[in-house]
Amino acid sequence: MSRQARGPVEHAHPGAVTYLKIAVVLAILTITEVATYYIPAIQPIIAPVLIVLSIAKFLLVVMFYMHLKFDSPLFRGIFAWGMFVAIAIVLAMMALYAAF
Amino acid sequence: MSHAKTAAAHADAHRTSTGLSNNKLLMWTFLASDCMFFGSLILTYMVYRGRSLTGPYPEDVFNIPFTSVSAAVLLLSSLTMVLALAALQQGKVKVFRVWILATALLGMLFLGGQYFEFTEFAHEGLGLGTNVFGSSFFVLTGIHGTHVGLGIIWLLTLFVLSFRGLVRQDNAEKVEVAGLYWHFVDIVWIVIFTFVYLLPY
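Those protein sequence lines, which keep their order, are chains A and B. Note that this note's numbering has the first sequence beginning at 1, numbered continuously upward. Note that this note's numbering has the second sequence beginning at 101, numbered continuously upward.
Covered stretches of chain A (chain B as the covering partner; in silico rule of three or more C-beta atoms under 8 Å from a C-beta of chain B):
(1) 18-31
(2) 69-78
(3) 81-93
Hints in this document: simulated from the structure, not taken from any laboratory. Note that this is a predicted model, so its numbers are computed, not measured. In this text, a Cβ means the ideal position worked out from N, Cα and C, and glycines have one as well.
Between the sequences and the hints, there should be enough to build the whole structure, so can you do that?
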């Protein structure tokens, strides 16, 4: 595949086959999420299970579809900083309002 | 791609002080700020979660199978988006048009589903001012839907511009930047789907 012009620290993006493999994994994770919702035995640990599955889906899309795994570390740092501030504020405010 | 176009694209990329694309840098900075924006909306929902004094409550109105299909539709649109970009980067403009149009149509399908869901909730008696659940839910998902709507307009614009020769292999970065926005909308829904719909009340 021909590539766009990139900076010195950027790497080539993956191809269609990789994207399809990621889509299959995302589909499996989504089916697992919905199944988790309906299985009574998982109810005591449903929150951590759903959060882990959600984080896995989030990271797969960000790393592979948004190419953050292959692009400049500067982009990774900018996005990670935004995420960090957002998550810190959410956790702090939830603790303040006893929303856990 | 001709050598002249390749050379021009490389020259553009190295004209910036960072050696990186300013367009992508700007989009990533915007997405970082949008993380905080959606973070505040999700926070509001979580703080008011389960604190409604009057119904309808989430468990009265949510249709998990329907929303699961909507979530799958948006995830699928991320695949078609990235396939559109890959096609354009290979110079396959016709294939690009198919995938970008498919992405826009899947986005429309998602929005149609959201309209149906909102209508159903309204029939159940849930409105923006009914209770804190209604207020926080409609503001969060409504603003996400607005993002999807803007994304659809962007994608359709790229589709139309490709017929005028303005979206090509040598300027595929235009599509990459639009793709970053579209995938972000998808990851926000991944979080909303878990925290708003699936976590038990």
